[in-house]
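Fit chain B to the known structure of chain A by using the hints.
Chain order of the listed sequences is A and B.
For the first sequence, the residue numbers in this note's numbering are 1 to 347.
For the second sequence, the residue numbers in this note's numbering are 348 to 712.
To be clear, the hints were calculated from the coordinates, so they are not data collected in a lab.
Please read these numbers as outputs of a predicted model, since none were measured by experiment.
Positions of the beta carbon are idealized from the N, C-alpha and C atoms, including for glycine.
A portion of the hints provided could be inaccurate.
Claimed, not checked - According to the in silico footprint, chain A covers these stretches of chain B (three or more CB under 8 Å from chain A):
{"no.": "1", "stretch": "519 to 533"}
{"no.": "2", "stretch": "581 to 594"}
{"no.": "3", "stretch": "642 to 653"}
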Amino acid sequence: MANVSLRHVSKRFGEINAVRDLSMAINDGEFIVLLGPSGAGKTTTLRLITGLESPDEGLISIDGRDVTRDAPGTRDIAFVFQQYSLYPHLTVYDNLAFPLRSPARRVPEPVIRKRVEQTAELLHITSKLANRATKLSGGEMQRVAIGRALVRDPAIYLMDEPLSSLDAKLRAELRLELKRIQVELGATILYVTHDQVEAMTMASRIGVIRDGELLQLGTPREIYENPDDRYVASRLGTPSINLIPAHLIPHVAMPSATETIGIRTEHLRIAKYLQVDKANGGAIVGRVHRIEHLGDQNHIHLDYRGQMLVTLADPHAPLEAGQDVELQLVRPLYFDAAGRRIAATIH
Amino acid sequence: MAQIRVENLRKAFDQFTAVHDSNFTIENGSFFALLGPSGCGKTTTLRMIAGLELPTGGRILLDGEDVTFRRAAARDIAFVFQLFALYPHMNVEQNIGFPLKCQGMGRRETRERVLETAKLLRIEHLLSSKTSKLSGGDRQRVALGRAMVRRPKAFLMDEPLGALDAEFRQLMCGELRDLHDRIAATTIYVTHDQHEAMSMADRIAVMNAGRVEQIGSPQEIYDRPASMFVADFIGSPPMNFLRCDAGLDPDARAVKFKDVSIPIPELREQRPAGPLVLGVRPEHIRFSDPAPVRGRVFGAEYLGTTQIVTVTTEQGTVKARLPSSVPVQVGEIVGLSFRFDSLSLFDAQTGAAIQTISQESAHHG
Numbered sequence: 001m002a003n004v005s006l007r008h009v010s011k012r013f014g015e016i017n018a019v020r021d022l023s024m025a026i027n028d029g030e031f032i033v034l035l036g037p038s039g040a041g042k043t044t045t046l047r048l049i050t051g052l053e054s055p056d057e058g059l060i061s062i063d064g065r066d067v068t069r070d071a072p073g074t075r076d077i078a079f080v081f082q083q084y085s086l087y088p089h090l091t092v093y094d095n096l097a098f099p100l101r102s103p104a105r106r107v108p109e110p111v112i113r114k115r116v117e118q119t120a121e122l123l124h125i126t127s128k129l130a131n132r133a134t135k136l137s138g139g140e141m142q143r144v145a146i147g148r149a150l151v152r153d154p155a156i157y158l159m160d161e162p163l164s165s166l167d168a169k170l171r172a173e174l175r176l177e178l179k180r181i182q183v184e185l186g187a188t189i190l191y192v193t194h195d196q197v198e199a200m201t202m203a204s205r206i207g208v209i210r211d212g213e214l215l216q217l218g219t220p221r222e223i224y225e226n227p228d229d230r231y232v233a234s235r236l237g238t239p240s241i242n243l244i245p246a247h248l249i250p251h252v253a254m255p256s257a258t259e260t261i262g263i264r265t266e267h268l269r270i271a272k273y274l275q276v277d278k279a280n281g282g283a284i285v286g287r288v289h290r291i292e293h294l295g296d297q298n299h300i301h302l303d304y305r306g307q308m309l310v311t312l313a314d315p316h317a318p319l320e321a322g323q324d325v326e327l328q329l330v331r332p333l334y335f336d337a338a339g340r341r342i343a344a345t346i347h
Numbered sequence: 348m349a350q351i352r353v354e355n356l357r358k359a360f361d362q363f364t365a366v367h368d369s370n371f372t373i374e375n376g377s378f379f380a381l382l383g384p385s386g387c388g389k390t391t392t393l394r395m396i397a398g399l400e401l402p403t404g405g406r407i408l409l410d411g412e413d414v415t416f417r418r419a420a421a422r423d424i425a426f427v428f429q430l431f432a433l434y435p436h437m438n439v440e441q442n443i444g445f446p447l448k449c450q451g452m453g454r455r456e457t458r459e460r461v462l463e464t465a466k467l468l469r470i471e472h473l474l475s476s477k478t479s480k481l482s483g484g485d486r487q488r489v490a491l492g493r494a495m496v497r498r499p500k501a502f503l504m505d506e507p508l509g510a511l512d513a514e515f516r517q518l519m520c521g522e523l524r525d526l527h528d529r530i531a532a533t534t535i536y537v538t539h540d541q542h543e544a545m546s547m548a549d550r551i552a553v554m555n556a557g558r559v560e561q562i563g564s565p566q567e568i569y570d571r572p573a574s575m576f577v578a579d580f581i582g583s584p585p586m587n588f589l590r591c592d593a594g595l596d597p598d599a600r601a602v603k604f605k606d607v608s609i610p611i612p613e614l615r616e617q618r619p620a621g622p623l624v625l626g627v628r629p630e631h632i633r634f635s636d637p638a639p640v641r642g643r644v645f646g647a648e649y650l651g652t653t654q655i656v657t658v659t660t661e662q663g664t665v666k667a668r669l670p671s672s673v674p675v676q677v678g679e680i681v682g683l684s685f686r687f688d689s690l691s692l693f694d695a696q697t698g699a700a701i702q703t704i705s706q707e708s709a710h711h712g
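This is chain A alone, in the form it adopts within the complex (with noise of 0.2 Å):
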């Protein structure tokens, strides 16, 4: 395993900028995940690190050395493709013993033979090896896919979106899997998804990237809970953070500059509107919309002032439809007019 760190990479495709001045270094060992929308840019990335495109601009490095000009085959990768692409006529076990059997690796076969079972064990596959590649479901289809890349020990492990065509459940148990095995073999690995949960479940740090330009890398907790730009914050948190227009709060305190609020819904807390407090006419007011249950909470939309919220509560709470409840703000985040955080430094 290895370093691999990209340095101002720019590509162009026409009039578009896929990739713009990206930079980011990956650390031995590390799971990174590049969060984004399709055509944010992220399958090029992974393209331009295995050497499939070239940069315009910039350096690729893999472990010091530059390999921005080297061919694909030299650069030490192996890749995950969303759609797996299992060779239909071979056992799980040849599909999985084929990337070392390529003439230019030349692996002897009792290698062959030790890695194959070392990683049909770890993916949990061992029983199927002799099975043929068509005979498995969608999941054990994608561990061989999987697989086929952990046979090898290259410098990183490029994955494009692995799980996206699984069902729910099968992707819930392959995520927890998949990030075990990473954990095991201490491998770096770059993985590229449009899942907030697959990205905040597995990942080291996550990538946020949007129109070919890295808004912010961190660990799931930082890009969670101090995200550096409103379309960060939206992008993690189900149901979505809530942003209030600055002017429609005009009794709390914030800075200047702020255009727009952004409240997690765990930090928009109700309380029952008593009419009493209407005199002193500091309470934000909204009224209940729509109470959604969903079993282990109950999502609460809000009215305020056209706006909808969302806020959590208790699946026992007495709330009603029409009821106005009073709205306190718990940890706001503010954002200025070109969606820039502004640190909340108030006194």
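For chain B alone, coordinates are given in the frame of chain A:
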């Protein structure tokens, strides 16, 4: 709008029974979800109500009137398949007005009805737009408008949001429910996605292998599942099951595992000795050093407000939902305590829920 009643409804295809004697009533103006995995009979049930499939037995009543063998077109029900199927060569107004044109309605009246529908959906400003120029959400609204414009007695929807990505689906769930609150049309909504059903429905029927396993409000079904199937199907992560072969202790106030005993709410039914299953929801588990159930942390998944911690115990793998402020180390040994009054018990053989006092009090309270 209408009440829909299904009595002993059954459908067999040769040897295979797709729907076993189903009974339920959908009250006028309510939003009813048929929820279950693929192949459970939910779509077949819906198609029989729509008149697209003839039942093998039983009756379907629309506002008290037997429509079991009436043709689909004569039932005054709108069936919404996929919310994106629009006519690409027509503009929004023509798309919405199409069903009325087919009925031979006059131009002026059609126009009025289309306008009224568009207002309800808040898409008046789009009436002259090409459908190909619309955003996904607006297309969906137009497709809904086409179903609404006939003012049918009920809407039947078959996985209308199935093709959408997760975030957009969530947004559309909110919209559909808001729309329902405005027009209060009786709606039957078929889905395999428990989140959609929980989020939108007044009542849910959970189906499994052609049978309705439970009917109730989302919260009832979540808090007091009638079977292990329902408990497993609802909730994410689903309910944890701890199989207990030793069964109950003599006074039935605890279940016994090999060397661990867990107190349970008082039973409300006589039970012979035998294996049973203790069910506990992930959010009803807390870390507690002195707790008798112990295990090793396998993984922790950070989700912002909360984290899902997977713990391997002697009794099986358990997933707990804890506040993300609780520090968790992979590999550490932890004790798990369960919220006593939220425990469920099931018969290990049949999977049926065993009645306890906390289920009762919840029911009447």
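A quick look at each hint next to the structure:
1. 519 to 533: Answer holds; 4 residues pass the 8 Å Cβ test.
2. 581 to 594: holds (count 4)
3. 642 to 653: Answer holds; 7 residues pass the 8 Å Cβ test.
Hint compliance for this structure: no hint is broken.
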